[in-house]
Amino acid sequence: MNLTKLKLTGVVLGSLLLLHCPSGGGGDNPLPFLLLGSEALPSGTGSSTGATEPLFETSMKSVTPSASNVLTDYYGAGINGYVADSTTIRAGGEHPLGMLFAAQDHNMSYPIDFYFRESSTNYFSRNSIVGYEFNGAMTHYGSNSHFYTSPGHYVSIAYDYNISIQTVVPKANTPTQIWSIRSLLSPTAAERSFSADLYTSNRRERGMNRSWALRKHLNVNLIFVEGANANANLDDFAPAIAKMQSLYGQPTVAIELVVTATTVPGTSDLLTIDELSDESGTAPGSLRYLITQTADAQRADALNIIITREEIDVGGVLGVSGGIPGMVGFTGTLQNAVVIFVEGHQTISGLPLSFSELEFIGTTMAHEGGHYLGLSHLVESGGQDFGNMYSEDPLIETPVCSDLSDDNNDGFVSLSECDGTGISDSGARNVMFWAGDPAFSQEYLTGEQGWMLRRNPLVY
Numbered sequence: 039m040n041l042t043k044l045k046l047t048g049v050v051l052g053s054l055l056l057l058h059c060p061s062g063g064g065g066d067n068p069l070p071f072l073l074l075g076s077e078a079l080p081s082g083t084g085s086s087t088g089a090t091e092p093l094f095e096t097s098m099k100s101v102t103p104s105a106s107n108v109l110t111d112y113y114g115a116g117i118n119g120y121v122a123d124s125t126t127i128r129a130g131g132e133h134p135l136g137m138l139f140a141a142q143d144h145n146m147s148y149p150i151d152f153y154f155r156e157s158s159t160n161y162f163s164r165n166s167i168v169g170y171e172f173n174g175a176m177t178h179y180g181s182n183s184h185f186y187t188s189p190g191h192y193v194s195i196a197y198d199y200n201i202s203i204q205t206v207v208p209k210a211n212t213p214t215q216i217w218s219i220r221s222l223l224s225p226t227a228a229e230r231s232f233s234a235d236l237y238t239s240n241r242r243e244r245g246m247n248r249s250w251a252l253r254k255h256l257n258v259n260l261i262f263v264e265g266a267n268a269n270a271n272l273d274d275f276a277p278a279i280a281k282m283q284s285l286y287g288q289p290t291v292a293i294e295l296v297v298t299a300t301t302v303p304g305t306s307d308l309l310t311i312d313e314l315s316d317e318s319g320t321a322p323g324s325l326r327y328l329i330t331q332t333a334d335a336q337r338a339d340a341l342n343i344i345i346t347r348e349e350i351d352v353g354g355v356l357g358v359s360g361g362i363p364g365m366v367g368f369t370g371t372l373q374n375a376v377v378i379f380v381e382g383h384q385t386i387s388g389l390p391l392s393f394s395e396l397e398f399i400g401t402t403m404a405h406e407g408g409h410y411l412g413l414s415h416l417v418e419s420g421g422q423d424f425g426n427m428y429s430e431d432p433l434i435e436t437p438v439c440s441d442l443s444d445d446n447n448d449g450f451v452s453l454s455e456c457d458g459t460g461i462s463d464s465g466a467r468n469v470m471f472w473a474g475d476p477a478f479s480q481e482y483l484t485g486e487q488g489w490m491l492r493r494n495p496l497v498y
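Quick note: the sequence shown uses our numbering, first residue 39, plus one each step.
A portion of the hints provided could be inaccurate.
Derived CB-CB ranges, DEER-like [claimed, not checked]:
#, residue 1, residue 2, range
1, T385, K99, 40 to 50 Å
2, A228, G265, 41 to 51 Å
3, Y113, T320, 18 to 28 Å
4, I117, T90, 19 to 29 Å
5, L93, D423, 32 to 42 Å
6, N145, E264, 32 to 42 Å
Derived from the structure by calculation, the hints contain no laboratory data. Glycine included, each C-beta is placed from N, C-alpha and C at the ideal position.
When you get a sec, could you build the whole thing from the sequences and use the hints?
Below, the structure is given as structure tokens:
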């Protein structure tokens, strides 16, 4: 899973997003909220595409990898991998996005991996390692042919490609579950002909001149765990929803939120999460327990956001995304929701949320929702490392903060160190920067990030 938004002082763990102080059980009556219409969007966005719901297809199967399908030394010397499945997803101009997910209970510290192959090129790999026993990937990730994709292969194409995908697991003769999702909603003409901004020299502003002519929509299903906070209800959450809408509604993205809400009973093991990293366990108080126990309140056609009180495993985590991307079209698995921890956003624990704290939650929802819909951090906590392509996202337009900008040599690139406009010191103002602060404005999403969000199967 992808843990982000951690509230700590002077300490960073893994790829957590720092807040500077600084990658089931039943629900009750769903309450339809509202479509935030054109009056809620900034000027420059046009009329809707006309689609009324997400359009995608899903499949699920169970396979058992044979020891004969071995990839010798795949995970290192003497550590083999095994091809569990080979499949083909047709994606491209008419089917803009395909996703594949796999789960295997292998109890090993080696991740499930995916290898893609376009019919005319060699294999290439691109999946964010967000779990070991449950992992996912998607194609296509971005318009950049230099990262995570075969040379010369651009995704803003007018026709489809057959993408062959091999699922590689670390253990043979062990049941493996495979899920696939493919978008069936044809892209708009502007999405099909998209090309990234290569020429704006101010890297903070690169890609910010994009204005999508047609609005799209995203169903957002808020699941409130009763007792998370006095303000953890639909009416009082209006500032958080409005903040998320302002970020997704800007011209570079042009997505309207269609919000519903549900409240589930607030037992102690749903309000206080003491285990974030266990992928296979279902003990009360674990993240997986929270997501599986709220399965009946989740929607397969929506971005599910669970609002609960706190986590005490790491301390100060503001939000968790089930994956990059999340597994759309299903409910009740670890990768089917975003979780927001209310108390991580508060100056004083236990008090009703203030307006500014609710707005900060809205920014967290946009950030974690971005992960769920397929966006990575611009760079990870250590900054761009030219020797590691996974230290930055695969997009052309997003600004970059290099490890060379770590002026105080603490091993992390901070908001102040990445608040420039150059080729190696920018990105702190972007919603998907790895660190955040309620007093530091992060409003930017580039046109290419918007292009990625608009192509997710949940967006219509």
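Inset, instruction - Note whether the CB distance of T385 and K99 lies within 40 to 50 Å or breaks it. - result: holds (49 Å)
Inset, instruction - Could you say whether the range 19 to 29 Å given as a hint is met by the Cβ separation of I117 and T90? - result: Distance hint for I117, T90 is violated at roughly 49 Å.
Inset, instruction - May I ask you to test the hint 32 to 42 Å on the CB atoms belonging to L93 and D423? - result: Given about 39 Å between the Cβ atoms, the range holds.
Inset, instruction - For A228 and G265, compare the CB-CB distance with the range 41 to 51 Å and indicate the outcome. - result: About 45 Å separates the Cβ atoms of A228 and G265, which means 41 to 51 Å holds.
Inset, instruction - Given the hint of 18 to 28 Å, check if Y113 and T320 actually sit that far apart at their C-beta atoms. - result: For Y113 and T320 the Cβ distance comes to about 27 Å; the hint holds.
Legend entry - Outcome of range test on Cβ distance (N145, E264; 32 to 42 Å): holds (35 Å)
Comparing the model with each earlier hint shows a violation of hint 4 alone; every other hint is respected.
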